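Residue numbers (the working numbering), protein chains in the order written: chain A, 6 to 234; chain B, 7 to 217.
Bear in mind the hints are in silico, worked out from the structure with no lab data behind them.
Computed from a prediction, not measured in an experiment: that's the story for all the values here.
Ranges of calculated distance between the beta carbons of each label pair, as one might list FRET restraints:
{"id": "1", "chain 1": "B", "residue 1": "Ala34", "chain 2": "A", "residue 2": "Thr223", "range": "51 to 59 Å"}
{"id": "2", "chain 1": "A", "residue 1": "Glu143", "chain 2": "B", "residue 2": "Lys56", "range": "22 to 30 Å"}
{"id": "3", "chain 1": "B", "residue 1": "Thr187", "chain 2": "A", "residue 2": "Glu30", "range": "34 to 42 Å"}
Here chain B is said to cover these stretches of chain A; the calculated rule only asks that three of the stretch's residues, wherever they fall, bring their Cβ under 8 Å from a Cβ of chain B:
{"id": "4", "segment": "68-75"}
{"id": "5", "segment": "137-147"}
Below are the BS3-like pairs computed for lysine-lysine, each with C-alpha atoms no more than 30 Å apart in a straight line:
{"id": "6", "chain 1": "A", "residue 1": "Lys134", "chain 2": "B", "residue 2": "Lys76"}
{"id": "7", "chain 1": "B", "residue 1": "Lys75", "chain 2": "A", "residue 2": "Lys155"}
{"id": "8", "chain 1": "B", "residue 1": "Lys56", "chain 2": "B", "residue 2": "Lys22"}
{"id": "9", "chain 1": "B", "residue 1": "Lys75", "chain 2": "A", "residue 2": "Lys140"}
Think of the CB as a built atom: it goes at the ideal place given N, C-alpha and C, for glycine as much as any other residue.
Listed below, chain by chain, are the residues.
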Amino acid sequence: MRSAKQHLIACEVFKDEFEATAPSELGRTYLPQGLHRTPGKMPGAIQEVLNRIDPEVETVLLGYGLCSNGVVGVVSKSAWLIMPKVHDCIALLLGSRERYEAEVAACPGTYYITPGWAAYGTTSLSCYKNEYLPKYGEEDARYIARELLKNYSRVAVIDHGAGDISAARAHAKEFAEVFGLSYAEVLGSLEYVRRLVNGPWDNDDFLTVPPGTPISPTPFMTLHAISLL
Amino acid sequence: MDLTALKEAVINGDLKGCTVLTEVAIKAGYAPHKILTEALVPGMDVVGEKFRCNEVYVPEVLVAARAMKKSLAMLKPLLTETGAKPVGIAVAGTVKGDLHDIGKNLVCMMWEGAGFEVVDLGTDVSPEKFVQGVKDSRAQIVGISTLLTTTMLNMREVIQALERAQLRHTVKVMVGGAPVTQTFANEIGADGFGESAATAVEKAKALLGIA
Chain A
6 MRSAKQHLIA CEVFKDEFEA TAPSELGRTY LPQGLHRTPG KMPGAIQEVL NRIDPEVETV
66 LLGYGLCSNG VVGVVSKSAW LIMPKVHDCI ALLLGSRERY EAEVAACPGT YYITPGWAAY
126 GTTSLSCYKN EYLPKYGEED ARYIARELLK NYSRVAVIDH GAGDISAARA HAKEFAEVFG
186 LSYAEVLGSL EYVRRLVNGP WDNDDFLTVP PGTPISPTPF MTLHAISLL
Chain B
7 MDLTALKEAV INGDLKGCTV LTEVAIKAGY APHKILTEAL VPGMDVVGEK FRCNEVYVPE
67 VLVAARAMKK SLAMLKPLLT ETGAKPVGIA VAGTVKGDLH DIGKNLVCMM WEGAGFEVVD
127 LGTDVSPEKF VQGVKDSRAQ IVGISTLLTT TMLNMREVIQ ALERAQLRHT VKVMVGGAPV
187 TQTFANEIGA DGFGESAATA VEKAKALLGI A
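This is chain B alone, in the form it adopts within the complex:
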């Protein structure tokens, strides 16, 4: 077998297909890391890109993410066994006042897929909780998400809270979510902006100097 079928199963949100094909791939002797980086992540990249271009909508993303998550859970113990160290630590959350988390969850999963240890702080996260999360996890990356334009400015509050806690220099701040733009990210003093889940991975790696 090759890994194309598994990648397709992710793209199609085929939960059963992903389960079976992941098992087949493991039994066929593929390294878990290879399954992850050559089937799951590229599959989800395709879905993310189609979403960005309005070719697919939230439901397609949700079922694809669920399928990938299932495969990821099957690979995780094997990845740990092989002693793969996390490439970095990231915390993520949706800002205070916003309960939307589909995009944030997707970024968390893609970061995990790229080898990050991810701490998910959930939704409606206050600046103080972001600060605590960064402290507790010793994160190098903090991802702040929002869907609502009403809560966009709360992202700046998080950055200011990190400054007050004298943690700003220890962590790279990334922002994302439907209304967020590069210009806005610059305005509030973020280090990076991810237009999609896939770019969020590239950006996080670039910020930490990981190839």
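If we strip away everything but chain A, and leave its shape as in the complex, we get:
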């Protein structure tokens, strides 16, 4: 039995993953994925939820990585904060930072898609179809997409067993076709996500932040071998 009251604040793209792994009594707040594109607005949005949280909550689990410093400065008044030690969601979805590093080494120009991204988020494909084409017309929309994706060579679906994988596959295949990328499927894992919502939270993989202390980017800076060449 869990003795301490906990609450999860997470990005909406993780909804399927957390719904598949979180204990039923865990309170949850999902925030829109759109914040990914405006990391400057993220700390405020997360802070707002934190400020309204039941004062009896002792631990807040953050379903975010460093996210382009989108969590930096977030501070909890009375609850402890626990979050995965990852820079972005890919490591979390692949199951570990080591898997992420291996994938980056294998193919750095990879655009990842999960069922959650396809269902709740925006991708360059959905932006192209729903925003760029209507606003800019085909020629300019193509130009924008080409500029955004010119350093990508493949699109990869992460299959970790949660969410609608066939919809994700269809999205990724269309993505690959429209933008001329190769298509791949990589094996993901729900293990890291499961540990975030169930514990134990070991220091290697989780950052524990005491009440009153703002989240700092420093503990993340030395996480990856690729940071240190």
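With chain A held as given, fit chain B onto it using these hints.
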């Protein structure tokens, strides 16, 4: 005509408008330098500032940059003809491990617009390549860009490589990119930090003592 329409065309990312209006401005007898500094650069400054404030997003910046680039290409031969010497030499690149280049390209273009000769080293640039780039071009400014927090520390590697090559004192190091802050720039020993493409221009000029 005045140059306001051209500035607006840059802001709106209007490629055709920029092409036509640049030609009109040249035919109307505006000095190429004036077209550059009073229409193109201020137009792009507006876009950069709106981007910084989340009023516009990457697509708007991309089309605006493309429009300005087109005008710039039309002005370039004329600027060379008038014998305008570059105000300085700058090299720029995205750090090792990072393939993102929209911000870096924008800074390169704005530096060019401000009269710098710019050598673009591209993306995923190793410290050694930065060193070679500085050597080959005799640059006074080196701009290091990153979008990813995973590769931020590689900026320090570049600075250390410049030190090892005994080039550090010959060049001012500027860093920029979404996760970079002034504090971080200080920590790794950079000379300057550009919060936006426009500030990158001001900072580069200030570092070289150009008004």
